[in-house]
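Colleague: With chain F's structure known, arrange chain R on it following the hints.
Chains as they are written, first to last, in the numbering used here: chain F, 1 to 412; chain R, 1 to 444.
These aren't lab readings, by the way, just hints derived from the structure by calculation. Please note that the accuracy of each hint is not assured.
In silico lysine to any residue, SDA-like type, Cα no more than 25 angstroms apart, as pairs [as the list claims (entries may be wrong)]:
(1) 179/F <-> 193/F
(2) 29/F <-> 69/R
(3) 206/F <-> 368/R
(4) 273/F <-> 84/R
Just a sample of chain F residues kept apart from chain R, beta carbon distances all over 10 angstroms, derived [said to hold, decoys possible]:
(5) 169
(6) 252
(7) 254
(8) 276
Built from N, CA and C at the ideal position, the CB exists for glycine as well.
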Amino acid sequence: MKKLRRKVYMVAGYNTISMGSGRKEFHPKKERPGLEDYIKEAGQGTLKMIGGAQNVDECVIGNFMASRFNRQANLAAFFPYIDEGLRYKPAIRVEGACGTGGLALMSGIKSILAETAEVVLAIGFEVQNTVKAIYCADFLAPAGWAPNRKDGHAYFFPGQFSERAGAYFEKFGRETTRKAFARWYRNAIENARLCPTAQEYHNTTKDLEAAAMVEPNANVFLENLTALDCSKVSDGASAIAIMSEEGLKRCGIPVSGAVEVVGYGQVEEDITKPPIDKTALTTMQKAIENALEFAGITINQVATAEIHDCFTVAGIMAVEALGLAAHGKGPGYVIAGNTARDGKFPINTTGGLVGWGHPTGGTGVHMAVTLWEQLKGKAGAAQIKIPADRPYGLMANMGGDDKTLVSIVFKT
Amino acid sequence: MTYEERLQHVSVLGAAGKMGSGILLLTAVEMADLSLKAVNQGKTFVLNAIDVSDEALAGVMRYLKAQILKIAEKKIVTLRHIYSGRRDLIDNDEIIAQYIFDVMNVVRPTTRLEASYDSNMIFEAIKEDAALKIKIFSEINTKNSKQPWFFTNTSSIPITVLDEGAGIGGRIIGFHFYNPPAVQKLVEVIRSKHTLQEVYEFALAYARSLRKVVVPAHDIAGFIGNGHFMRDILHAASEAEKLTKEISFVEAVYAINKISQDYLVRPMGIFQLIDYVGVDVCSFIMFVMNPYTKDEEIRSSLLDKLMEMGVKGGQYSDGSQKDGILKYEKGKVVAVFDPDKNEYIAISLFQAKVDEKLGAMPAPPAWKTVVGNKAKDDILKPYFGQLKSAASLGAGLARDYAKKSKEIGKHLVSSGVAFNDADVNTVLLTGFFHAYGPINEYLD
Numbered sequence: 001m002k003k004l005r006r007k008v009y010m011v012a013g014y015n016t017i018s019m020g021s022g023r024k025e026f027h028p029k030k031e032r033p034g035l036e037d038y039i040k041e042a043g044q045g046t047l048k049m050i051g052g053a054q055n056v057d058e059c060v061i062g063n064f065m066a067s068r069f070n071r072q073a074n075l076a077a078f079f080p081y082i083d084e085g086l087r088y089k090p091a092i093r094v095e096g097a098c099g100t101g102g103l104a105l106m107s108g109i110k111s112i113l114a115e116t117a118e119v120v121l122a123i124g125f126e127v128q129n130t131v132k133a134i135y136c137a138d139f140l141a142p143a144g145w146a147p148n149r150k151d152g153h154a155y156f157f158p159g160q161f162s163e164r165a166g167a168y169f170e171k172f173g174r175e176t177t178r179k180a181f182a183r184w185y186r187n188a189i190e191n192a193r194l195c196p197t198a199q200e201y202h203n204t205t206k207d208l209e210a211a212a213m214v215e216p217n218a219n220v221f222l223e224n225l226t227a228l229d230c231s232k233v234s235d236g237a238s239a240i241a242i243m244s245e246e247g248l249k250r251c252g253i254p255v256s257g258a259v260e261v262v263g264y265g266q267v268e269e270d271i272t273k274p275p276i277d278k279t280a281l282t283t284m285q286k287a288i289e290n291a292l293e294f295a296g297i298t299i300n301q302v303a304t305a306e307i308h309d310c311f312t313v314a315g316i317m318a319v320e321a322l323g324l325a326a327h328g329k330g331p332g333y334v335i336a337g338n339t340a341r342d343g344k345f346p347i348n349t350t351g352g353l354v355g356w357g358h359p360t361g362g363t364g365v366h367m368a369v370t371l372w373e374q375l376k377g378k379a380g381a382a383q384i385k386i387p388a389d390r391p392y393g394l395m396a397n398m399g400g401d402d403k404t405l406v407s408i409v410f411k412t
Numbered sequence: 001m002t003y004e005e006r007l008q009h010v011s012v013l014g015a016a017g018k019m020g021s022g023i024l025l026l027t028a029v030e031m032a033d034l035s036l037k038a039v040n041q042g043k044t045f046v047l048n049a050i051d052v053s054d055e056a057l058a059g060v061m062r063y064l065k066a067q068i069l070k071i072a073e074k075k076i077v078t079l080r081h082i083y084s085g086r087r088d089l090i091d092n093d094e095i096i097a098q099y100i101f102d103v104m105n106v107v108r109p110t111t112r113l114e115a116s117y118d119s120n121m122i123f124e125a126i127k128e129d130a131a132l133k134i135k136i137f138s139e140i141n142t143k144n145s146k147q148p149w150f151f152t153n154t155s156s157i158p159i160t161v162l163d164e165g166a167g168i169g170g171r172i173i174g175f176h177f178y179n180p181p182a183v184q185k186l187v188e189v190i191r192s193k194h195t196l197q198e199v200y201e202f203a204l205a206y207a208r209s210l211r212k213v214v215v216p217a218h219d220i221a222g223f224i225g226n227g228h229f230m231r232d233i234l235h236a237a238s239e240a241e242k243l244t245k246e247i248s249f250v251e252a253v254y255a256i257n258k259i260s261q262d263y264l265v266r267p268m269g270i271f272q273l274i275d276y277v278g279v280d281v282c283s284f285i286m287f288v289m290n291p292y293t294k295d296e297e298i299r300s301s302l303l304d305k306l307m308e309m310g311v312k313g314g315q316y317s318d319g320s321q322k323d324g325i326l327k328y329e330k331g332k333v334v335a336v337f338d339p340d341k342n343e344y345i346a347i348s349l350f351q352a353k354v355d356e357k358l359g360a361m362p363a364p365p366a367w368k369t370v371v372g373n374k375a376k377d378d379i380l381k382p383y384f385g386q387l388k389s390a391a392s393l394g395a396g397l398a399r400d401y402a403k404k405s406k407e408i409g410k411h412l413v414s415s416g417v418a419f420n421d422a423d424v425n426t427v428l429l430t431g432f433f434h435a436y437g438p439i440n441e442y443l444d
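Next comes chain F alone, as it looks inside the complex:
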C-alpha cells in the first residue's frame, strides 16, 4: 500500500450521448454535431456542477485521432470555447490510443499531486462517425505498431482481437468461449438499456445471446468475431473534475459527494512487440495489480469495475486480469452470470464499450464518470447496490493491443 502525498477526488462527471448506429436519432448521411459540440456539452456539464469555470485551475483533454477523423489538432485550445472563463488557463492534450481517457485522468491526478492545481477539468472525446467503419479501421490502426498495418486485417484492431479469440478458442475451447462472448454481449446490452446516454439504449433485440451466437464470416469480416463482439463506432465525450480537498471546498462540494482516488496503476508495454500470450491481457493485469496494491485492497473488496471490453474477448480476458477467475476460467465465470448486474461482481454497469459505446479517446473518462455515479448512487435506472463492505470501484482502460494501461481504484 502506498499513500498519496495528498488526497485526490473525482466529482461532477458528465457523459454526452454515445452517438452512432443503434441510436434512433443517428442517420449516417445526415449532418451531425462536430467535435466542438461534444467537447462543449461535456465540459459545460461538469462546469455547471462545480460552480463554473472560475473554479478551474488547469484543463486536460484526451483524444486519440481527431487529426484524421475531424482534421483537427491543437485540441487544448477548445477549452476557452467551452467557457470563456477558461481562457488563458493552462491546458494540455494527451493521447494514448483507446487508453487516452485514462491518461487524461492520470494527468489531472498528477497536477493535483504536484500541487499546481486544486481543480482540474478533464475531458475525453472522439467523434468517429465522420467516416465509414472501413476507414475508421484505418484511423484507429496507429494504436498498433505502424509497420504491422500492411499485413494486418482490413479491420485492423478487430483483426488483432479475432486472432486473440482464435488463440483462446484453441487453448480453452471454442464453444464455451463463444457462449461467454454471447453472455457478455447480453449483459452489455441489458445494462445499456438502463442508461439513456448509451449507444445501445434503444436496442430491442429479444434473444440477445442467440443473436450473438451467429457464426462469424471471415469472407466479409472476421474469422472469430462477429460485429456483435465488437464495440461500435461512436461519437461522444465525457468530462469529470479532479480535485484536492481544497478544490472541493472552493467549489462548495462536500467530500461525501466525490469519490476518492485511492490507488492507480499506469503501465506501458512495448508497442513493437507481439503479445507475450495471446490468450491473456498481461499488461492490463499488471496495471490492475499495481492499482490494487497501491490502494492496499484486494479485488474482493471491490463492488464493481469498468473494464475495457473493446471486444467481448477482451471482456473475458479482463475478468481474468482482474483476478476474478483463473486463466481459462473467465468464460465459465461470465456464463454463470457473475458479471451481470445482479451477479457477484457487476462489470460495466451502463454497458461498457460494447453496450454504452466506445468514443475511443473518451472511454477512460467515461469509466470514471460511471464509477462516480455508481459509488454515489447517481446512476439512475442503472444503479447497482454497493455493499458496505466493498466500498471500492475499479477501472481499467486500455490503449492498443494491451499496450497503454491505466487502472484506477476509487473509494466511495
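Modeller: Chain R only, in chain F's frame:
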C-alpha cells in the same frame, strides 16, 4: 480460347444506357479481377464502353467510379489480400483508390463502333430494335476477324431472329440482365436455334462468376420476365377499363395499382412498375413481342395513348422516378394522370371514396415483412385464405389479379417459353422482387 482470354478484349454497346452501364460495371470488375491475378500479370484487358453520346459516356464514367467505390468497400477484406504484394498501399483507402483505378483503367469510353472490331466478345444493350441490332451485329461480324461472340441483353426479341438476320452462325446468346444489373441477381439465358455449346458454357461460367441466378428460357419473344410482365400489364389495363363503367379513369388506375401492390403483396403497384420501367419501354417491348405471339394481341391502347401524349415515366439519372401514369413526390405516389384533362389529379381528392368502394378487405401483410422471410408461407396462407372468402369488390379484383398472374405463368410453361413452373417463379421472385411466385396454391 480460355475464359480469361475471351475476356481480355470486350466491348459493350449502349454502354451509357441504364442496362449497358450496369453490364459495363460488372464486366469491368470481372475483367479487372482477372487482371489482378498473379498469373495474368502483364496481360492487358480492354473493355470498350461504346455509346453514341460523349456526354453520356462522361456520365457513365462517374457512375462507374461511384459504384466501384461501393464494391471495393464491400470486398476490402479480399482486396487487402489481392494487393498484399503492393507494399506502398497500406491503408484501406489507399487500396480502395488503387482498385478503383485498376477497374476504371480497363475501360475505354468511345463513340466509335470500330473499337469493337478487335473484341472477342460483344455485350449489346442498345435499343430494342431488331433491325438495328442485326445491322450492327453484321457490321461488326464482317469487320472483326476474331469471330466474336455476341451477348445480347434483349428482353423481347427472339435470339434466332438476330442470329440468322446477322448471319453470325450461333455465336450469339441472350443474356438478359434485370434492372439494375449491378443489383439484380437474375439473368435469363436464351439460346438461339444455333447457339454454340461453348458460347452457352461461357455464359454460364460468366454468370457464375458474377454470382447471378441463371434461369434458362426458350427463345420465344419476351421470354419469361417480359412474358409475364407485359401480360400482367394488359390484365391491369383491362381491369381498369372495366372499372371505368362505375368510376373515373384516374380512380380506376388508383384502385388497380393499390390492388396489385397492397393486396397482392408486391413491392410496387402495376402502374408504378410501368413508370419505373418506362411507359415507352413497355410499349416498345409489346411492339417487339406482338409479331411473335400467335393468337394473342400483346398491345395496350392505354400505353399507346399515353405515349402519344408524351407520358413516359422512367428515371432521372440519379435514379429518382420521373412522373408517368402516376405522379411522385419523394418517391411516393401522389396523383394519377388523366388523359382527358391532360393533367394529374391528386389521389387525396378521391382516395377515401375509392377505398370505400373497394370495400372491406383482410389486412394484407406488408411486402417488406414477407419478402426474404423464411416463414412467409405462414403469413401468406392465412392472408390469402381470408381473401378467398371476402365478399368485397376489392377482394374480388385481388383474387382475379392473382389468378390471372398464375394463369400467365402457367401459359409461359405450356407455350414452351419456360422450362417449368419453378423457373417462372424464380424470375418473378428474383427479377421482380415478388414475395412469392405467381404459380402457387394460395387461392386454390
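Colleague: Could you run down the list of hints and mark each one as holding or not?
Modeller: Right, here's what the structure says about each hint:
no.: 1; hint: 179/F <-> 193/F; verdict: holds, 21 angstroms
no.: 2; hint: 29/F <-> 69/R; verdict: holds, 17 angstroms
no.: 3; hint: 206/F <-> 368/R; verdict: holds, 20 angstroms
no.: 4; hint: 273/F <-> 84/R; verdict: holds, 22 angstroms
no.: 5; hint: 169; verdict: holds, 20 angstroms
no.: 6; hint: 252; verdict: holds, 50 angstroms
no.: 7; hint: 254; verdict: holds, 51 angstroms
no.: 8; hint: 276; verdict: holds, 27 angstroms
Every hint, counting from the list given before, is met by this structure.
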